[in-house]
Structures are given as structure tokens and as C-alpha cells.
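Undergrad: Protein chains in written order, with this note's numbering: chain W, 1 to 381; chain R, 1 to 169; chain F, 1 to 104; chain C, 1 to 417.
Rather than coming from a laboratory, the hints here were simulated on the basis of the structure.
Misleading hints may appear alongside valid ones.
Said to hold, decoys possible - In silico DSS-like cross-links for lysine-lysine, where the CA-CA straight-line distance does not exceed 27 Å:
| no. | chain 1 | residue 1 | chain 2 | residue 2 |
| --- | --- | --- | --- | --- |
| 1 | W | LYS34 | W | LYS139 |
| 2 | W | LYS184 | C | LYS70 |
| 3 | C | LYS331 | W | LYS176 |
To be verified - Beyond 12 Å from chain C on every Cβ pair, some chain W residues (computed):
| no. | residue |
| --- | --- |
| 4 | GLY22 |
| 5 | MET146 |
| 6 | ARG268 |
Even for Gly, the Cβ is constructed at its ideal location relative to N, Cα and C.
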Amino acid sequence: MTSLQSEPFVINIGPQHPSTHGVFRLRLTMDGEKITEADMVMGYLHRSMEKLAEERTYTQNIPFTDRTDYLSAMTGNLAYVLAVERLMEVEVPERAKWLRMIMAELQRIASHAMAVGIFANDTGAWQTPVMHMFRDREKILDLFEMACGARLTLNYMRIGGVSRDIPPEWIPQAKKLLKDLPKKFAEYEDLLLTNEIIVARSRGIGVLTPDQAIAHSVSGPMLRGSGVAWDIRKADPYAAYDKVDFDVAVGTNGDVYDRFVVRMAEMRQSLRILEQALEMMPEGPVHARLGAATVQPGGQSIAPLAYRPPVGEAYARIESPRGEIGYYIVSDGSPAPFRFHIRSPSFINLTPLALMTVGSTVADAVVILGSVDIVVGEVDR
Amino acid sequence: MDETGVVIAFWVLAIMTIGSALGVVGARNIIHAVVFLVASFLGLAGLYVTLSADFIAVAQMLIYVGAISILLLFAIVLTPQENRNNSEGFLRLPALALALLVGAVMIFAAVDTEWAIADRDGFEETASAIGDALLDKYALPFEIASVLLLVAVIGSIVLVRPEPMEEDE
Amino acid sequence: MSVDLEHYLIVSGLLFSIGLYVTLAKQSFIGVLIGIEMMFNAVNLSFISFARFVESGDPISGHVFVVFTITVSAAEAATALALAVLLYRVKGTVEVERMDLLKW
Amino acid sequence: MGLLAMLLEGEWYDFGDLAEQIEDWGAPDEAAYVLATLVATVVILLWAVLSVLAFIWIERRVVALMQNRKGPNRVGPAGLLQPVADALKLLMKEAITTAGADRILFWAAPIIIFVPTLAIFAIFPWGENMVLADLNVGVLFLLAIAGINTPAVFLAGWSSNNKYALLGSMRTIAMLISYEIIQVLALLAPVLFVSSMRMADIVSWQEDYVWIVLIQPLGLLAYIIAGAVEMNRSPADNAEAESEIVAGYHTEYGGIKFGFFYQGEYLAGFAIAAAVVTLYFGGWTLFGLEEWIPGWSIFLGKLYTIFFIYIWSRGTLPRLRIDQLMGFAWKFLLPLTIANVLIVGAEVLIWRENELSSWEALPAIAVVNLALGVVLFAGWARFLGHGKGTQAASGAILTQEIGTVHFKPAVGTEAGS
Numbered sequence: 001m002t003s004l005q006s007e008p009f010v011i012n013i014g015p016q017h018p019s020t021h022g023v024f025r026l027r028l029t030m031d032g033e034k035i036t037e038a039d040m041v042m043g044y045l046h047r048s049m050e051k052l053a054e055e056r057t058y059t060q061n062i063p064f065t066d067r068t069d070y071l072s073a074m075t076g077n078l079a080y081v082l083a084v085e086r087l088m089e090v091e092v093p094e095r096a097k098w099l100r101m102i103m104a105e106l107q108r109i110a111s112h113a114m115a116v117g118i119f120a121n122d123t124g125a126w127q128t129p130v131m132h133m134f135r136d137r138e139k140i141l142d143l144f145e146m147a148c149g150a151r152l153t154l155n156y157m158r159i160g161g162v163s164r165d166i167p168p169e170w171i172p173q174a175k176k177l178l179k180d181l182p183k184k185f186a187e188y189e190d191l192l193l194t195n196e197i198i199v200a201r202s203r204g205i206g207v208l209t210p211d212q213a214i215a216h217s218v219s220g221p222m223l224r225g226s227g228v229a230w231d232i233r234k235a236d237p238y239a240a241y242d243k244v245d246f247d248v249a250v251g252t253n254g255d256v257y258d259r260f261v262v263r264m265a266e267m268r269q270s271l272r273i274l275e276q277a278l279e280m281m282p283e284g285p286v287h288a289r290l291g292a293a294t295v296q297p298g299g300q301s302i303a304p305l306a307y308r309p310p311v312g313e314a315y316a317r318i319e320s321p322r323g324e325i326g327y328y329i330v331s332d333g334s335p336a337p338f339r340f341h342i343r344s345p346s347f348i349n350l351t352p353l354a355l356m357t358v359g360s361t362v363a364d365a366v367v368i369l370g371s372v373d374i375v376v377g378e379v380d381r
Numbered sequence: 001m002d003e004t005g006v007v008i009a010f011w012v013l014a015i016m017t018i019g020s021a022l023g024v025v026g027a028r029n030i031i032h033a034v035v036f037l038v039a040s041f042l043g044l045a046g047l048y049v050t051l052s053a054d055f056i057a058v059a060q061m062l063i064y065v066g067a068i069s070i071l072l073l074f075a076i077v078l079t080p081q082e083n084r085n086n087s088e089g090f091l092r093l094p095a096l097a098l099a100l101l102v103g104a105v106m107i108f109a110a111v112d113t114e115w116a117i118a119d120r121d122g123f124e125e126t127a128s129a130i131g132d133a134l135l136d137k138y139a140l141p142f143e144i145a146s147v148l149l150l151v152a153v154i155g156s157i158v159l160v161r162p163e164p165m166e167e168d169e
Numbered sequence: 001m002s003v004d005l006e007h008y009l010i011v012s013g014l015l016f017s018i019g020l021y022v023t024l025a026k027q028s029f030i031g032v033l034i035g036i037e038m039m040f041n042a043v044n045l046s047f048i049s050f051a052r053f054v055e056s057g058d059p060i061s062g063h064v065f066v067v068f069t070i071t072v073s074a075a076e077a078a079t080a081l082a083l084a085v086l087l088y089r090v091k092g093t094v095e096v097e098r099m100d101l102l103k104w
Numbered sequence: 001m002g003l004l005a006m007l008l009e010g011e012w013y014d015f016g017d018l019a020e021q022i023e024d025w026g027a028p029d030e031a032a033y034v035l036a037t038l039v040a041t042v043v044i045l046l047w048a049v050l051s052v053l054a055f056i057w058i059e060r061r062v063v064a065l066m067q068n069r070k071g072p073n074r075v076g077p078a079g080l081l082q083p084v085a086d087a088l089k090l091l092m093k094e095a096i097t098t099a100g101a102d103r104i105l106f107w108a109a110p111i112i113i114f115v116p117t118l119a120i121f122a123i124f125p126w127g128e129n130m131v132l133a134d135l136n137v138g139v140l141f142l143l144a145i146a147g148i149n150t151p152a153v154f155l156a157g158w159s160s161n162n163k164y165a166l167l168g169s170m171r172t173i174a175m176l177i178s179y180e181i182i183q184v185l186a187l188l189a190p191v192l193f194v195s196s197m198r199m200a201d202i203v204s205w206q207e208d209y210v211w212i213v214l215i216q217p218l219g220l221l222a223y224i225i226a227g228a229v230e231m232n233r234s235p236a237d238n239a240e241a242e243s244e245i246v247a248g249y250h251t252e253y254g255g256i257k258f259g260f261f262y263q264g265e266y267l268a269g270f271a272i273a274a275a276v277v278t279l280y281f282g283g284w285t286l287f288g289l290e291e292w293i294p295g296w297s298i299f300l301g302k303l304y305t306i307f308f309i310y311i312w313s314r315g316t317l318p319r320l321r322i323d324q325l326m327g328f329a330w331k332f333l334l335p336l337t338i339a340n341v342l343i344v345g346a347e348v349l350i351w352r353e354n355e356l357s358s359w360e361a362l363p364a365i366a367v368v369n370l371a372l373g374v375v376l377f378a379g380w381a382r383f384l385g386h387g388k389g390t391q392a393a394s395g396a397i398l399t400q401e402i403g404t405v406h407f408k409p410a411v412g413t414e415a416g417s
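All chains should be built: construct the whole structure from the sequences, respecting the hints.
TA: As C-alpha cells, then:
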């Protein structure tokens with residue numbers, strides 16, 4: 001009895017494809033509409049940052065950190081700078097800590113807005129939600145531009161503090177933004193959350209149980225979507241997170257819908273943090289006076305280009321919008337790091353992708369990939 | 001049936017139907033054969049219109065061109081590659097002889113007999129007449145036809161459903 | 001030059017003989033089915049032309065009969081094509097000559 | 001001078017009169033009829049091409065406004081020449097045929113899809129007796145033409161010898177066939193009320209009694225959804241789901257061949273909108289307004305508003321997965337439309353049997369249909385497990401403490417499914 005054998009049908013959701021958020025290739029072996037095998041081909045955007053960083057001094061490496069996860073440059077900078085400060089045992093002034101937290105939370109809202117918009121676009125909603133969310137992301141990027149002159153690759157943080165203080169009219173504009181964002185979020189929630197088709201397309205798809213998530217050391221909204229309440233901002237507070245009160249959003253079903261809901265809830269929590277932070281931010285210097293630092297004209301002391309941290313290693317991790325981003329730096333006393341390693345959350349969150357997509361259809365695979373919310377710059381480094 | 005329009009239509013459609021029927025015979029690829037078949041179905045639908053059978057013409061278009069052609073095409077897609085060359089088997093010559101014989105007999109019968117030609121021209125509209133006839137004079141055959149369709153649908157589904165035991169191996 | 005019953009019957013006869021040839025000569029099972037469909041259509045055409053031209057009690061019965069032949073041919077096509085797929089699954093081929101055993 | 005007089009009296013656009021008018025100019029009988037039909041066909045063809053071009057622009061502007069951006073405004077004043085630019089681009093693009101493609105079918109498929117969709121417009125009554133082909137089986141003709149492009153889609157997908165195209169065409173055919181049944185049942189209801197399939201009768205019935213949309217909400221809903229599937233529009237644009245298989249069955253088509261597909265899709269949209277207008281919204285009548293304004297302008301106005309619904313849904317609704325769409329058709333819409341036909345049959349029977357006057361019958365039918373429609377819709381959805389367990393929309397839990405696990409999947413979510 002020869003069965004109706006249909007030979008495996010290999011489809012490349014290839015490097016150049018509208019919904020892979022960048023140059024990333026997913027090779028699916030299909031039996032009819034169902035996926036039997038899914039393997040990922042990465043490295044199209046590998047710029048060997050970790051090797052390049054070994055020839056540059058600590059301060060020159062800061063621009064690299066914005067270009068790994070170009071959708072949330074602030075958190076990239078912050079993680080690296082925290083690692084180097086931990087290496088050099090530098091005490092960051094209070095105002096700089098608050099400023100760093102405010103910028104990181106603004107960056108989280110911008111990145112989540114982008115992630116949720118693109119996810120809705122993957123389910124087919126023809127860019128309408130993305131365009132709405134871009135409108136808010138623009139306002140946040142304007143705030144960044146006012147603070148540090150750049151919109152996407154910000155290079156705002158320095159070892160020992162932040163590059164410059166915020167202009168006086170920054171806080172009123174930020175407060176105005178914080179007033180009208182909740183209205184926008186309410187609009188997105190009833191536009192997307194209870195939308196029948198989005199629920200149908202994402203409920204019960206790409207389910208990841210807590211132990212599978214922990215086994216794959218997944219982090220960020222994916223981990224919280226699977227029900228594990230783990231957030232570095234609470235577990236290992238940095239900057240000024242221990243001084244503000246906020247909640248961790250957790251899903252219950254571990255499917256694509258819950259990750260999407262967790263991201264929306266996290267945006268609201270970031271708003272809460274920002275409201276408190278803008279009230280409680282103290283005055284004061286924004287940059288630590290470093291030992292042999294040369295004093296720049298105008299009273300700003302910037303760590304010298306050739307500063308030599310003590311021999312040793314340091315690892316610092318923070319909660320980036322995609323999960324736990326960490327920088328592991330080994331110093332051999334020379335002005336350039338001996339080893340510069342980035343623990344990129346997108347790369348590690350991708351590992352259970354095959355587990356989630358096998359058995360579902362092509363349409364689901366695209367939606368699951370959207371829910372992982374990868375940035376290929378960070379995946380390939 | 002003598003207005004010039006109808007006569008022209010008849011000749012055009014007749015040539016189209018018979019031409020595409022011959023196309024089915026001659027086509028080298030079975031997909032082309034099905035396309036020719038669909039063309040002859042459309043030609044027939046046109047002929048029905050010239051015979052003022054509008055309901056049947058549209059039904060023919062809906063069922064034959066819309067549904068049965070898709071059935072044929074799907075069957076072709078599901079069956080193996082190598083039999084798609086629409087070749088003739090070894091029965092070619094006897095089949096040709098038989099077909100010509102049957103054709104000759106039918107045409108002779110058509111031309112020779114004295115048909116009792118009624119001197120009425122075409123029906124104005126047939127849909128409601130067919131509906132009435134179906135539901136009072138031919139109600140029983142109507143029910144049997146629906147049962148037949150049901151049996152055919154269930155039968156074909158059961159035939160093609162992948163055997164359960166295949167799933168578990 | 002008016003068109004009357006003989007013309008339509010000739011067309012139907014030609015179509016029928018072509019259908020018969022295709023049914024008998026074609027090697028693939030699908031080819032046989034195409035032939036059967038053509039024969040069905042030839043018969044329908046003759047019914048309709050009789051209903052149109054010939055003197056009869058209620059001429060509409062020709063159309064009703066064609067409705068029935070269309071349903072029968074649709075049912076037959078569905079079942080036969082299911083058989084074709086099954087044949088392929090069992091025998092690995094749809095060539096008519098290879099189906100010489102009555103039981104497989 | 002006869003023509004000018006006719007123009008003023010406003011009946012110049014009545015094909016029947018046009019034929020007599022041409023006869024008065026001394027053309028033989030048949031030639032006048034052929035000429036009138038020719039003129040009418042050219043008018044419809046021109047209308048189709050121009051309104052497609054207009055709507056390409058309108059759609060892009062409207063969807064742009066929905067996404068708070070501007071839409072085409074570079075080419076020509078306010079982007080009005082953008083569709084012309086697109087059309088020229090398509091004309092100039094080299095229409096390559098893929099290697100190994102079945103040349104004849106590859107070229108024939110777009111035409112087979114385009115021409116029948118254009119033929120649908122012959123049966124719609126645009127004005128007083130302004131219908132090109134007054135078929136007695138108008139509604140069935142509409143369904144037959146919708147059925148014709150199913151094999152054409154297969155040919156397009158099969159002959160372009162491309163993996164994605166084949167998958168796309170298989171999906172589209174599966175959708176088209178299952179929603180064709182829904183269309184048949186949904187259109188059965190208006191025919192039952194009017195007891196004739198002639199479009200002109202349906203329009204005159206609605207003029208005398210009431211618009212069928214008021215007494216047939218369920219049928220209209222089913223038909224609009226089936227229409228969206230018919231033209232591969234938003235909730236069901238699986239055929240060319242960009243985010244999945246790239247462009248469905250017209251992946252390999254470039255140049256003017258793709259132009260045919262693109263135009264065919266719009267024309268299918270207009271055809272569905274015209275059918276909805278004629279069957280549910282009273283064709284070219286607008287409570288007596290048609291004495292002053294020419295009928296066809298009312299018809300076009302309604303047609304464009306209905307088409308706007310499809311533009312609106314395309315701009316906002318995400319896409320259903322193919323199996324959900326099929327499940328929706330077979331498990332949800334089919335039982336509903338069958339029940340709808342039974343209900344309508346019963347109502348018409350009661351109305352005809354004991355000769356209730358239309359004043360008593362129609363309001364009762366309207367209320368009954370609306371109530372039953374809502375009850376059936378919600379009840380059947382609840383029965384199919386919609387909005388419960390695996391399909392409930394729920395918010396996230398907010399917690400302060402770290403490391404706790406809140407994973408309690410609603411029944412039915414199997415891990416890794």
C-alpha cells in the first residue's frame with residue numbers, strides 16, 4: 001500500500017523577505033501546509049563587532065553598542081557602560097543614574113511600540129497599526145534628539161555618567177508626551193487586543209511552557225509571556241530602578257498572544273516609571289570625576305581616551321526591551337578590552353523557534369517569528 | 001430559428017465546440033486537454049443559449065466549467081507525473097473505428113428520420129418552468145438525485161481520506 | 001439558411017463519437033473521465049434540442065432531464081476522480097492498461 | 001436633432017431607445033440592435049477602466065489617511081496621475097515568461113480571469129431599463145461567472161512553474177470553492193422573496209416593497225464576507241499574503257499581465273459591490289429620487305459606498321489563516337446560511353399562503369429575521385467555542401515579586417502545538 005507520499009516541500013522564508021525583520025533566513029520543510037522541520041540560517045549581518053572592539057579603547061567602543069540592537073540603542077549603551085564602570089569601580093552621580101533610567105524606559109516604549117506594530121503587520125493588518133505606533137515613536141525620538149542630538153544610534157552614555165545634561169525645556173516636553181501616551185495606548189488596546197482576528201491568529205500558537213523557556217534561557221517578554229515573572233530591573237536593580245515602584249507584566253498561556261499582551265502592559269509600566277522618575281530626579285553633576293581624568297574646557301570631565309582600567313573581568317546585565325542584554329569585558333590593563341562579549345537576547349530567544357514552529361503552518365511561523373521580536377543586528381552582532 | 005444572428009452564433013459555437021473537442025484528442029499534455037474540454041463546455045453553453053435554454057446554459061457554466069474542471073485538474077495534480085502526456089493506449093485503432101461507426105449511425109438517424117417539428121419558437125424563460133416541474137412532476141427523481149449527490153460526496157471523501165493507520169506509523 | 005434540429009443532432013453526434021474515442025483510446029484514467037464527460041454533454045445537447053424543436057406534451061421535461069444528467073455526471077466525476085487518486089495510491093500509476101486484475 | 005432632445009429628456013441612456021434611435025437614422029433592424037449593444041459595451045468598458053484607475057488613487061489615499069500619512073501626492077496634482085503612472089509602468093515592464101512555464105496557459109490565465117469579471121457588468125440594471133443583457137437567470141449568471149475564474153486561478157498558479165505560485169493557487173481555489181457555496185445560499189434569500197432571478201424584477205420589487213437589506217441582514221453579512229474572499233481582500237487576502245508566501249499565484253507575472261490581475265481584482269470588487277447594491281440596497285432606486293437624478297448615478301453612488309467598506313476593511317483588518325478561513329466557511333457560515341434559507345422559505349410561504357398584506361408581513365419578517373440573525377450568529381459562535389478557553393482575549397497579570405511562575409494554560413493549549 002504505497003501511501004499518498006507527498007515529497008517534502010522546502011520553503012525558504014529567505015534572507016530577503018518582507019516579514020523577517022531584517023536579513024534572517026528560516027528554512028521550513030513542509031508536508032502540505034504543516035511544517036515538519038524549521039532551521040535558521042543566520043550571520044548575514046555579522047560585522048564581527050566583538051573582534052573590532054578589541055582594538056578600540058573603552059570610550060571608542062560605546063558607538064558599537066548602539067549598532068548591535070539599533071532599535072533600543074540606549075539599553076545597549078547602558079549595559080556596556082555599567083560593565084566598564086563595574087570594572088573601574090566608578091561611582092556614578094545620582095542625577096546620571098536617573099537620567100539613564102529615564103532614557104532606557106523611553107527607549108523601551110519606542111521599541112515595544114515598534115514590536116507590537118510589526119507583529120500586527122505580520123498578521124496581515126496592512127501597516128495601519130505600525131503607522132499609528134510610529135507616530136508615537138517619533139515623539140520619543142524627538143526627545144532623544146533634544147537630549148543627545150541623535151535619533152536612532154544615540155551614543156548618549158559615557159563611562160561614569162551621561163555625555164551631557166538635558167536642556168531645560170526637555171522635561172516639560174517629556175511631561176506633555178507622558179500625558180497623551182496613555183490615550184494612545186488605550187486606542188491600541190481596543191484596536192488590537194480584543195480584535196477577533198488577531199486573537200484567532202495568535203491564541204494558542206507558538207506555545208512555550210515555563211520550563212522550556214527557562215531551559216532555552218529565554219528572557220524578556222518571551223519569558224514573561226510564558227508565565228515566569230523574571231525582570232532584571234527587579235531582580236538585580238541598576239540605575240535608579242530600586243527607587244521607583246512598578247510591576248512586572250506576566251502572561252499565563254505562553255503563546256504569541258500573551259507575549260503581545262505583555263509588551264503592551266510593559267509600555268504602560270514604563271509610563272508609570274517615567275512619571276515617578278521625572279518628579280524625583282535630583283539636580284547635580286551628570287558625570288563622575290574620574291581619577292586621572294583631564295578636565296575639558298567648560299568643566300566637563302570626560303574619561304581620557306587612553307584610560308587603563310585594572311586587570312580583571314566584569315559582567316553587567318540589564319533588561320533591554322528584548323530581554324537580558326549583558327556585556328562581559330576582560331581587561332588586561334591596556335586601554336583596549338582584551339575580550340568584549342555581548343550576551344544578545346534576540347539570539348538566545350531564537351533558540352526555541354524550531355520547537356515552537358514545528359507542527360504549525362507557514363502563516364503561524366511568520367507570526368511566531370514576529371512575537372520573538374528579533375533585531376538581526378543583535379542576533380548576528 | 002432563422003434570424004441571421006442566431007444562425008451565425010450557431011455556426012461559430014458549433015465549430016468552437018467540435019474544434020476544442022478535437023483539441024482534447026490531439027493535446028499532448030493532459031492539462032491542455034482539460035483546457036480544451038472547458039472550451040468545449042463553454043461552446044455548449046453558448047449552443048444552449050441559441051436553443052433558448054438559458055437556465056441550463058448558466059447551470060452548465062456554473063457546474064461544468066466551475067466545478068468539474070477543477071475536479072479534473074486536482075485529480076491530475078494528485079496523480080503521478082509520467083502519465084501527463086495524454087497518450088493513446090493500444091486500443092487506438094479499434095476505438096477510432098467504433099467511434100466513427102457510432103457517429104455515422106447517429107448522424108444518419110438524425111438526418112434521415114422525420115422529426116415532428118413543432119412550429120413554436122423558443123421558450124421565453126425556462127427557470128421557473130423547470131422549478132415547477134422539478135417540484136411537482138419530478139419530485140421523486142429530485143429527491144433521489146439529492147441522495148445520489150450525498151452518497152457521491154461521502155463516498156469520494158472516504159475513498160481519498162488518508163488511512164488512519166498511516167498517521168500512527 | 002435556417003438552423004433546425006438536424007444541425008444540433010449532428011453536432012451532438014460528432015461530440016458523442018469524439019467522447020467515445022477519447023474514452024476508449026486514452027491511456028490515462030483521467031483521459032477516460034474526460035471522454036465520459038464529453039459523452040454526457042453530447043447527450044445533454046440532444047435533449048435540449050429535442051425539447052426545443054420536437055412537438056411534445058410539456059417541452060420543459062427535456063430541460064429537467066438535463067438537470068438530472070448534470071447531477072449524475074457531477075456525482076460520477078467526483079467518485080471517479082476519488083478512484084483515480086486511490087488507484088494511484090494503490091498501484092502507483094493511473095495507466096488504464098495496467099489495471100487488468102479485477103481485484104487488487 | 002432627435003438625439004439632443006433625448007439628451008435633455010434624460011432617457012438617452014436607455015439602450016432600447018438607443019436602438020430605435022439608430023434605426024430612425026436608417027440602419028437595418030439587426031444592425032441597430034448590434035450597434036446599440038456595441039455602444040453599451042464600450043460605455044461599460046470605459047466606465048470599468050476609468051473607475052478602476054480612479055479607485056487605485058482613492059484607495060491609496062484613503063488607506064494612507066487611515067494610517068495618518070499622506071498617500072500618493074507626488075505625481076501630478078495631489079497624486080492624481082499616480083494610477084496613470086502605475087499603468088504606464090506596468091505597460092512598459094517587460095512581461096517575462098519563466099523558464100519551464102507552460103507558455104500558452106501562462107499567457108492565457110490573466111485574460112481568462114479578466115474577461116469574465118468584465119462580463120458580470122452586463123446583467124446589472126444601471127438605470128430605468130438600462131441593462132445590457134436582461135437575463136432571466138441574472139443571479140445565477142453572476143454565480144457562474146464567479147465560478148469561472150476558479151480554474152483560471154489554477155492555470156495561473158500551475159503554469160508559472162513556481163513553488164510559491166502553486167501553493168498560493170491551491171489556497172485560493174480552496175477558498176473560492178468553499179465561499180462559492182456560501183454565495184449561492186446567501187443570494188438564494190433575495191431570490192426567494194422576489195421569486196424571480198431577473199435583476200430588473202428584484203430592483204422593482206424593492207422599489208414597491210422594501211429594500212431587502214432590512215429583511216435579510218444575515219444573508220447580506222454572509223455575502224459581504226464571501227465577496228471579500230472572492231476578491232482576495234483583507235480578511236482573506238491569503239492569495240498574495242505578502243508576509244507569508246510572497247505573492248501567491250501571480251508571483252511570476254510581470255508587466256501588463258500583472259496589470260490584468262490587478263485590474264481583475266478591482267473589477268471583481270466592483271462586481272460584488274454592484275451585486276450587493278442591486279440585490280440588497282435597491283439597485284438604482286432611492287425612494288423616488290430617481291425621477292430627477294438619472295438612475296445610474298444613484299447606482300454608482302451606492303456601488304462606491306459599498307466598495308468603500310472593502311477599502312476600509314483592507315486598511316484595518318488583519319488576515320485570517322487559510323484553515324481558519326475554511327473552518328469559518330464550513331463550520332460557521334454554511335449552517336447559518338442554510339438556516340437563513342429555511343427561515344426565509346418559511347416566511348415567504350406563510351406570507352403567500354394566507355395572503356397577509358405586505359404592511360403586516362414585512363415588518364414582522366424584518367423583526368424576526370433580525371432577531372434570529374443575531375441569536376443564530378452569537379449562539380452558533382458560542383457553540384463553536386469562540387471567545388472561551390483557548391480563544392479568550394485576556395490581559396497580563398501585574399505582579400511585584402520575582403521568580404514566581406503563573407503558567408496556567410486555558411484548556412486546549414498543548415505545548416509546542
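Undergrad: Is the nearest CB of chain C more than 12 Å from the CB of MET146(W)?
TA: Holds, since 23 Å exceeds 12 Å.
Undergrad: Check the non-interface label on ARG268(W): least C-beta distance to chain C beyond 12 Å or not.
TA: It is violated; ARG268(W) is separated from chain C by about 9 Å at its closest Cβ, not greater than 12 Å.
Undergrad: Going by Cβ atoms, does GLY22(W) stay more than 12 Å from chain C at every point?
TA: Given that every Cβ of chain C is farther than 12 Å from that of GLY22(W), nearest at about 14 Å, it holds.
Undergrad: Hey, LYS331(C) versus LYS176(W), does the alpha-carbon distance stay inside 27 Å?
TA: violated (50 Å)
Undergrad: Taken at face value, is the distance from the CA of LYS70(C) to the CA of LYS184(W) at most 27 Å?
TA: Between LYS184(W) and LYS70(C) the Cα gap is close to 20 Å, so the pair holds against 27 Å.
Undergrad: Going straight from one Cα to the other, do LYS34(W) and LYS139(W) come out at no more than 27 Å?
TA: violated (42 Å)
Comparing the model with each earlier hint shows violations of hints 1, 3, 6; every other hint is respected.
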